[in-house]
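J.: So the protein sequences, as listed, match chains A and B. The first sequence begins at 2 in our numbering and counts up one residue at a time. The second sequence begins at 2 in our numbering and counts up one residue at a time.
Please note: incorrect hints may appear among the correct ones.
Remember, identical chains collapse to one label, so a pair may be satisfied in a single copy or spanning two.
Claimed, not checked - Taking lysine-lysine and the DSSO-like style, the derived pairs with C-alpha atoms no more than 27 Å apart in a straight line are:
| # | residue 1 | residue 2 |
| --- | --- | --- |
| 1 | 255 | 324 |
| 2 | 6 | 222 |
| 3 | 104 | 301 |
| 4 | 104 | 43 |
| 5 | 294 | 113 |
| 6 | 282 | 222 |
| 7 | 113 | 43 |
| 8 | 222 | 254 |
| 9 | 282 | 215 |
| 10 | 215 | 294 |
| 11 | 6 | 113 |
| 12 | 178 | 215 |
| 13 | 254 | 324 |
| 14 | 254 | 172 |
| 15 | 301 | 113 |
| 16 | 254 | 282 |
| 17 | 104 | 178 |
| 18 | 43 | 6 |
It should be emphasised that the hints constitute simulated quantities derived from the structure, not laboratory data.
Residue strings, one per chain:
2 protein chains.
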Amino acid sequence: MATIKDVAGAAGVSVATVSRVLNDNGYVHEETRTRVMAAMEKLNYYPNEVARSLYKRESRLIGLLLPDITNPFFPQLARGAEDELNREGYRLIFGNSDEELNKELEYLQTFKQNHVAGIIAATNYPHLEEYSGIDQPVVFLDRTPEGAPSVSSDGHTGGKLAAEAIVHRSKHITLLKGPAHLPTAQDRFHGALEVLQQADVDFQIIETASFSFKDAQALAKELFAIYPETDGIIASNDIQAAAVLHEALRRGKKVPEDIQIIGYDDIPQSELLFPPLSTIKQPAYDMGKEAAKLLLSIIKKQPLAETAIQMPVMYIRRNTTRKEEKDA
Amino acid sequence: MATIKDVAGAAGVSVATVSRVLNDNGYVHEETRTRVMAAMEKLNYYPNEVARSLYKRESRLIGLLLPDITNPFFPQLARGAEDELNREGYRLIFGNSDEELNKELEYLQTFKQNHVAGIIAATNYPHLEEYSGIDQPVVFLDRTPEGAPSVSSDGHTGGKLAAEAIVHRSKHITLLKGPAHLPTAQDRFHGALEVLQQADVDFQIIETASFSFKDAQALAKELFAIYPETDGIIASNDIQAAAVLHEALRRGKKVPEDIQIIGYDDIPQSELLFPPLSTIKQPAYDMGKEAAKLLLSIIKKQPLAETAIQMPVMYIRRNTTRKEEKDA
Numbered sequence: 002m003a004t005i006k007d008v009a010g011a012a013g014v015s016v017a018t019v020s021r022v023l024n025d026n027g028y029v030h031e032e033t034r035t036r037v038m039a040a041m042e043k044l045n046y047y048p049n050e051v052a053r054s055l056y057k058r059e060s061r062l063i064g065l066l067l068p069d070i071t072n073p074f075f076p077q078l079a080r081g082a083e084d085e086l087n088r089e090g091y092r093l094i095f096g097n098s099d100e101e102l103n104k105e106l107e108y109l110q111t112f113k114q115n116h117v118a119g120i121i122a123a124t125n126y127p128h129l130e131e132y133s134g135i136d137q138p139v140v141f142l143d144r145t146p147e148g149a150p151s152v153s154s155d156g157h158t159g160g161k162l163a164a165e166a167i168v169h170r171s172k173h174i175t176l177l178k179g180p181a182h183l184p185t186a187q188d189r190f191h192g193a194l195e196v197l198q199q200a201d202v203d204f205q206i207i208e209t210a211s212f213s214f215k216d217a218q219a220l221a222k223e224l225f226a227i228y229p230e231t232d233g234i235i236a237s238n239d240i241q242a243a244a245v246l247h248e249a250l251r252r253g254k255k256v257p258e259d260i261q262i263i264g265y266d267d268i269p270q271s272e273l274l275f276p277p278l279s280t281i282k283q284p285a286y287d288m289g290k291e292a293a294k295l296l297l298s299i300i301k302k303q304p305l306a307e308t309a310i311q312m313p314v315m316y317i318r319r320n321t322t323r324k325e326e327k328d329a
Numbered sequence: 002m003a004t005i006k007d008v009a010g011a012a013g014v015s016v017a018t019v020s021r022v023l024n025d026n027g028y029v030h031e032e033t034r035t036r037v038m039a040a041m042e043k044l045n046y047y048p049n050e051v052a053r054s055l056y057k058r059e060s061r062l063i064g065l066l067l068p069d070i071t072n073p074f075f076p077q078l079a080r081g082a083e084d085e086l087n088r089e090g091y092r093l094i095f096g097n098s099d100e101e102l103n104k105e106l107e108y109l110q111t112f113k114q115n116h117v118a119g120i121i122a123a124t125n126y127p128h129l130e131e132y133s134g135i136d137q138p139v140v141f142l143d144r145t146p147e148g149a150p151s152v153s154s155d156g157h158t159g160g161k162l163a164a165e166a167i168v169h170r171s172k173h174i175t176l177l178k179g180p181a182h183l184p185t186a187q188d189r190f191h192g193a194l195e196v197l198q199q200a201d202v203d204f205q206i207i208e209t210a211s212f213s214f215k216d217a218q219a220l221a222k223e224l225f226a227i228y229p230e231t232d233g234i235i236a237s238n239d240i241q242a243a244a245v246l247h248e249a250l251r252r253g254k255k256v257p258e259d260i261q262i263i264g265y266d267d268i269p270q271s272e273l274l275f276p277p278l279s280t281i282k283q284p285a286y287d288m289g290k291e292a293a294k295l296l297l298s299i300i301k302k303q304p305l306a307e308t309a310i311q312m313p314v315m316y317i318r319r320n321t322t323r324k325e326e327k328d329a
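Turn these sequences into a full structure, and let the hints steer you where they fit.
T.: Here it is, written out as structure tokens:
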């Protein structure tokens, strides 16, 4: 493997000059820089990132923490962040906390120990003391701890749109309330609740402990056992909605004639369900992209127009909700 | 933040002794080691992984390369690998190549530059010259370049099972042939082809350029336009099968009465499709786990019983294929 000395020899400069080029500090003539870069390329010389990050206490790595990689919403976020970071020459260290506090703490430690340049955290525990002890910039994604840079979408409006989509044609509505410790889940819940309270409908609330697929399957069975008269369900995400939809069909109910179901997120699979799922679209890919942009701006100490970015949501009517009369 | 000197002071030993404990080299009395560990814990001292990896040329990071994080099959693989690695004190650097050669090369370079302890590659380009130039151990996952350590599942049998599931009750079968550069796709294709050639059915083959969701949607529309008489479809993965299923229903066909459809992979969402998708189950989570185990064995220089591990597959009959007479 080529060394920095080989590069210096090939370029006809000193090791110190190569080092200045590598670290982008001190004056180097443009023509010299080009010659050094050409020598590095020719010799297939990879600067030692570890040594460089030790020296400069920085790296081109970004740590991304996701709560559940098996929920397709989060890979979409990751893809958005990844594309933006790659474009700027950064790479992701990725951690999946599996909604467990311990794993989250371990990944944060891994990120710190490997001197990432910054962290994007779609954490279930945004108020952890550990986040304030991190030297690197942190941007929260899909989570909004007060005072911290964050990218999220407008959950309160999303919840209202979800409830409005079914409230006029369902009379016994079940509102699924997502995990209590997640402000995003609570935002959409309160938005929906506001609409239901003002409408002339019976409704009941079931609280769910997680957004996970496994819990959603159990929940779906329980829901129909406890509230057989339910004719409208507002799910707290698409995974839940898919599980509920499946269970409704299994019980011989017609969707949307007997029961309307609306999800939340608009993961790619929702369109492929049968009937295709009506849902509230969060712009997941763009949210990931915005989080990466915000983080890079902070890393580069650029002036920031906004540090708590909230993106718009949208009602996507497919076939699990009925058309409003006014739409007809 | 505590330093190595603080730890030495608190434990009543020299800095050199703490360093020996940290690097696990040279003789340290067991009682002394315990005292040092306790002091580190008490002072919340994190050894500098970057410095350590520079010195020892190793780290506790593993690089994982996936071709498409938005295909739910791959997060399952990742979860299996992750759980096993976490249990052994390793963490993942994750890269999503998006089926692009350039991104794959860039991630490999990132992995090398950050001195990962090893790489798990679910690569689309297993024959890349770059893989032979890597100093760290590499285990291929879901891919099987000859002579290299790998974990895959038995695709040939999987393809045969898929064809056998529909061949007796469909007369005009469409066999979707996955990407030509992926041996796993070709294995399942050839398995299915073998069965179809021996059976008394018409069949046609459509080759697909990728496993991605976007391509699958276009493919589904094309398939029914070109071969309207198709009454049986063997998809090369579940994403394709879901797209095909959706398009069939949209065209008013009854599944499985008018047309049988079988997928491949058994991603979690397949069970939630309507009708629930019949498919060939690959044990994705366990494959990830086995790949991590194999990689760790190689890193630890343990004797290996097997370096090309092939795991069994299974036919899961749900509602998009019909029961065989012999089953009834």
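J.: Next, verify each hint and record whether it holds.
T.: Each hint, compared with the structure:
1. 255 to 324: both (15 Å within a copy, 25 Å between copies)
2. 6 to 222: neither (68 Å within a copy, 58 Å between copies)
3. 104 to 301: Between. Shortest inter-copy distance 24 Å satisfies the 27 Å Cα cut-off; intra-copy 29 Å does not.
4. 104 to 43: between (42 Å within a copy, 20 Å between copies)
5. 294 to 113: So residue 294 and residue 113 pass the 27 Å test inside a copy (21 Å) and across (26 Å) alike.
6. 282 to 222: Both: 26 Å inside a chain and 25 Å across chains, each within 27 Å.
7. 113 to 43: between (34 Å within a copy, 18 Å between copies)
8. 222 to 254: Close inside one copy (14 Å), not across copies (29 Å); limit 27 Å.
9. 282 to 215: Result: close both inside a copy and across copies, 22 Å intra and 18 Å inter.
10. 215 to 294: Between copies, since 26 Å is at most 27 Å while 34 Å is not.
11. 6 to 113: Between copies only: 20 Å across chains, 31 Å inside a chain, cut-off 27 Å.
12. 178 to 215: within (16 Å within a copy, 32 Å between copies)
13. 254 to 324: both (18 Å within a copy, 24 Å between copies)
14. 254 to 172: Within. Shortest intra-copy distance 16 Å satisfies the 27 Å Cα cut-off; inter-copy 33 Å does not.
15. 301 to 113: Classified as both: same-chain Cα gap 19 Å, cross-chain 25 Å, threshold 27 Å.
16. 254 to 282: within (25 Å within a copy, 29 Å between copies)
17. 104 to 178: Result: close within a single copy only, 25 Å intra versus 40 Å inter.
18. 43 to 6: This pair counts as within: shortest intra-copy Cα distance 14 Å, inter-copy 43 Å.
Consistency note: the structure conflicts with earlier hint 2 alone.
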